[in-house]
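Asks: First to last, the protein sequences are chains A and B.
Numbering-wise (the working numbering), the first sequence opens with residue 1 and increments by one.
Numbering-wise (the working numbering), the second sequence opens with residue 1 and increments by one.
Wrong hints could be hidden among the right ones.
[Said to hold, decoys possible] Here's a subset of chain A near chain B, in silico, CB distances under 7 Å, partners left out:
#, residue
1, H106
2, T110
3, A111
4, S118
5, S121
6, Q124
7, G131
8, R137
9, N159
10, E162
11, I186
[To be verified] Calculated cross-link-like contacts (lysine to aspartate or glutamate; reagent style EDC-like; alpha-carbon spacing at most 16 Å):
#, chain 1, residue 1, chain 2, residue 2
12, A, K171, B, D323
13, B, K24, B, E49
14, A, K248, A, D217
15, B, K309, B, D295
16, A, K171, B, E62
17, B, K35, B, E59
No lab work stands behind these hints, which were simulated from the structure alone.
Where is the CB? At the ideal position from N, CA and C, for every residue including glycine.
One letter stands for each residue in the lines below.
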Amino acid sequence: MPTLNLSVDELRETARAVRHDVLVAIHTARSGHPGGPLSAADYLTALWMNYLNYDPENPFWPERDRFVLSNGHCSMLLYTLMAHRGLFSRGYLLTFRTVNSRLQGHPSKTALPGVEVSSGSLGQGLSVAHGMALGARIRGAPERTVFCNCGDGEMQEGNIWEAIMHAGHRKTDNLIVSADWNNAQIDGYVENVKNIAPLPEKFKDFGWRTIEADGHDMDDIVRAWDEAVDGTPARGKGCGQPTVILFKTVMMHGCPTYENIPGWHGRPPKEDEVMQMLNELGYSYNSIDEARAAMGGFQEYDGYGAEDGK
Amino acid sequence: MASSIEYKNGVQPSDRWEMILTRKAYGEMLVELGKNNENIVVLDADLAESTYTKFFRAEFPERFIECGIAEQDMMNTAAGLSTFGLIPFLSSYAIFLTGRAWDQARNTVDYSKMNVKIAAAHGGISVGLDGCSHQSMEDLSNMLSLVNMTVLVPADYWETRKMMEWIPTHEGPLYFRLGREKVPTVTSESTPFEPYHTLEAVGGSDGVFIATGLMLSRAVQAAEMLAEEGIFSRVLHVPMLKPLNDEEILQAAKETGAVVTMEEHSIYGGLGSLVARLLLGNDVHVPTRIIGIPDMYLMSGQPEELLVKAGLTAENGAAKMRDVLALRG
Numbered sequence: 001m002p003t004l005n006l007s008v009d010e011l012r013e014t015a016r017a018v019r020h021d022v023l024v025a026i027h028t029a030r031s032g033h034p035g036g037p038l039s040a041a042d043y044l045t046a047l048w049m050n051y052l053n054y055d056p057e058n059p060f061w062p063e064r065d066r067f068v069l070s071n072g073h074c075s076m077l078l079y080t081l082m083a084h085r086g087l088f089s090r091g092y093l094l095t096f097r098t099v100n101s102r103l104q105g106h107p108s109k110t111a112l113p114g115v116e117v118s119s120g121s122l123g124q125g126l127s128v129a130h131g132m133a134l135g136a137r138i139r140g141a142p143e144r145t146v147f148c149n150c151g152d153g154e155m156q157e158g159n160i161w162e163a164i165m166h167a168g169h170r171k172t173d174n175l176i177v178s179a180d181w182n183n184a185q186i187d188g189y190v191e192n193v194k195n196i197a198p199l200p201e202k203f204k205d206f207g208w209r210t211i212e213a214d215g216h217d218m219d220d221i222v223r224a225w226d227e228a229v230d231g232t233p234a235r236g237k238g239c240g241q242p243t244v245i246l247f248k249t250v251m252m253h254g255c256p257t258y259e260n261i262p263g264w265h266g267r268p269p270k271e272d273e274v275m276q277m278l279n280e281l282g283y284s285y286n287s288i289d290e291a292r293a294a295m296g297g298f299q300e301y302d303g304y305g306a307e308d309g310k
Numbered sequence: 001m002a003s004s005i006e007y008k009n010g011v012q013p014s015d016r017w018e019m020i021l022t023r024k025a026y027g028e029m030l031v032e033l034g035k036n037n038e039n040i041v042v043l044d045a046d047l048a049e050s051t052y053t054k055f056f057r058a059e060f061p062e063r064f065i066e067c068g069i070a071e072q073d074m075m076n077t078a079a080g081l082s083t084f085g086l087i088p089f090l091s092s093y094a095i096f097l098t099g100r101a102w103d104q105a106r107n108t109v110d111y112s113k114m115n116v117k118i119a120a121a122h123g124g125i126s127v128g129l130d131g132c133s134h135q136s137m138e139d140l141s142n143m144l145s146l147v148n149m150t151v152l153v154p155a156d157y158w159e160t161r162k163m164m165e166w167i168p169t170h171e172g173p174l175y176f177r178l179g180r181e182k183v184p185t186v187t188s189e190s191t192p193f194e195p196y197h198t199l200e201a202v203g204g205s206d207g208v209f210i211a212t213g214l215m216l217s218r219a220v221q222a223a224e225m226l227a228e229e230g231i232f233s234r235v236l237h238v239p240m241l242k243p244l245n246d247e248e249i250l251q252a253a254k255e256t257g258a259v260v261t262m263e264e265h266s267i268y269g270g271l272g273s274l275v276a277r278l279l280l281g282n283d284v285h286v287p288t289r290i291i292g293i294p295d296m297y298l299m300s301g302q303p304e305e306l307l308v309k310a311g312l313t314a315e316n317g318a319a320k321m322r323d324v325l326a327l328r329g
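With these hints in hand, go ahead and build the complete structure from the sequences.
Replies: Laid out in structure tokens, this is it:
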């Protein structure tokens, strides 16, 4: 099925489960980046379940839409979305960052089928996504939409602005960027580290259709995605502009005790912390093992290519 | 005596060489390839006039992507294009592609094994008058250290044309280095380009010159000089530095007993380093000298003047060969 068409309530519940898995897997790895995944979980869950044209049985299906995670440190969110979309079992998420796992610290195209391009060195994914969108057009298939997620701190990278200028210049309207506008990065709040404001005005000035949304209000998220994809050639003529959705978000959203603290960008939660986080998400376990068991426990990779070892 | 030199594989004596641009061969071949293969797309970063992608732009504007002065964006745009089955060739100057856009080449193109063809004009110091900022003596080591990268350095116009016929059949990241100046046509239309092999340009057993790119011409000239003295050195051209044909190089070293490498690149990490590692690692302990750009930045000047300053001359090649032959005994 190309998309799942979940209800808003179902999307909310899926996003809650996604946060659960992200936290348990990062805690289990004792390494990883929880902050970004919890801030982008709601709107990227909506994208992956309801908008991304995809076949989980064949991540190389030629007619699929493309998704690029430019802020590759949010890898655990990508992997969790893939698992919840049906590419492989949730239990495999517990192998994150262990040797020989396909779930590399930052996404690797050659390691995991479904990763469209390796990322992790910030600022690169948007240019790649734009190249994909141009490739679709040259191939006579502008109805393939390319989605790209960027962090707001990442927008301090020069390569990002080269890509924004390029896509604006070419009016590449099968490209949709989602920006995780949480105002937090490793060294503090973005506005203090190196201010990137005003983001909406900057995108508009570069020729982009700019949509703003509350990245934690699922009704508003669905409205924004609907509006964004309505402007692509997949839904008709195309609006003649690349589109960005600026999702206002909060780092570590869903765990109020830990929200909006930049330190959670790249720190794995300890056991007492992860238990409290899960509790704040509405999961009550007696031990972290129960949480792992809820994910199916440790599992081997069972996704595309598993049989032939690819 | 020079006339008794055994030129091989269609290689010509130096008095028959013509001076032609390698980047022109690149531009011409892009158009030829583009006619037969609709997957070929070309990107440039505001240097289409200089890199000769202008020929392709004129013929196939819908498949030409001008990226403006943004090499990092160009590298990754090419990576994205390749995921739709297209074969992107991207062009700029070697120093910008392998310097400024190295992280893109490493973390996106190479790590993801993208089918991207990086065509670098203005390799080496024979760039000349523009000066050090536009010269490139680090590009080969920057690319050779990338795990999936194939690295090609054509010697001249004819070899560039033949390489270009082969390149679209190759799957994966590839770097190839063109020059700014007109360079001698050491090879001829009949000279084969065999991927994954070296090319024996001149036969002989009094040591071997192992050369690449422009320096093939200097190596052949050095062999001609030595022939006047009754010394017949072999000349081996290495058009493909990675993957390197280890066996052919080791065999030449064993058969001739002395080695002089010649390249228009820093002595750090280019052909000389590859050959030295190969010889030592296989216990082939033959006298060896490495001719490359010493640890120095060059300057503006006529290409020939700069090559002399760096010691990249036929005379230096011949002198070093005499040294290693004396050591060989």
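Asks: Against this structure, judge whether each hint is valid.
Replies: Going through the hints against the structure:
1. For H106 (chain A), the interface hint is violated, since its Cβ never comes within 7 Å of a Cβ in chain B; the closest pair sits about 9 Å apart.
2. With a least beta-carbon distance of about 6 Å to chain B, the hint placing T110 (chain A) at the interface is held under the 7 Å criterion.
3. Contact between A111 (chain A) and chain B, as hinted, is not supported at the beta carbon level, the nearest pair being about 10 Å apart and thus beyond 7 Å.
4. The interface hint given for S118 (chain A) holds, since its Cβ lies 5 Å from the closest Cβ of chain B, which is under the 7 Å cut-off.
5. Given the 7 Å rule on beta carbons, the hint for S121 (chain A) holds: about 4 Å separates it from the nearest Cβ of chain B.
6. The beta carbon of Q124 (chain A) is positioned within 7 Å of a beta carbon in chain B (closest approach about 5 Å), and the interface hint is therefore held.
7. The criterion of a C-beta within 7 Å of any C-beta in chain B is met by G131 (chain A), whose closest approach is roughly 2 Å, and the hint holds.
8. A hinted interface residue such as R137 (chain A) counts as satisfied when its beta carbon comes closer than 7 Å to some beta carbon of chain B; here the least separation is about 9 Å, so the hint is violated.
9. Given the 7 Å rule on beta carbons, the hint for N159 (chain A) holds: about 5 Å separates it from the nearest Cβ of chain B.
10. For the restraint placing E162 (chain A) at the interface with chain B, the shortest Cβ-Cβ distance is roughly 4 Å, inside the 7 Å limit, so the hint holds.
11. Interface restraint check for I186 (chain A): the shortest CB-CB distance to chain B comes to about 19 Å, outside 7 Å, so the restraint is violated.
12. Distance hint between K171 (chain A) and D323 (chain B) is unfulfilled; the C-alpha atoms sit about 63 Å from each other, more than 16 Å.
13. Using a Cα cut-off of 16 Å, the hinted pair K24 (chain B) and E49 (chain B) holds, with the two alpha carbons roughly 10 Å apart.
14. Taking the CA atoms of K248 (chain A) and D217 (chain A), the gap is about 10 Å. The hint holds against a cut of 16 Å.
15. Between K309 (chain B) and D295 (chain B) the alpha-carbon distance is near 12 Å, which keeps this suggested pair within the 16 Å criterion.
16. Using a Cα cut-off of 16 Å, the hinted pair K171 (chain A) and E62 (chain B) holds, with the two alpha carbons roughly 15 Å apart.
17. At roughly 9 Å between alpha-carbon atoms, K35 (chain B) and E59 (chain B) fall within 16 Å of each other, so this suggested pair holds.
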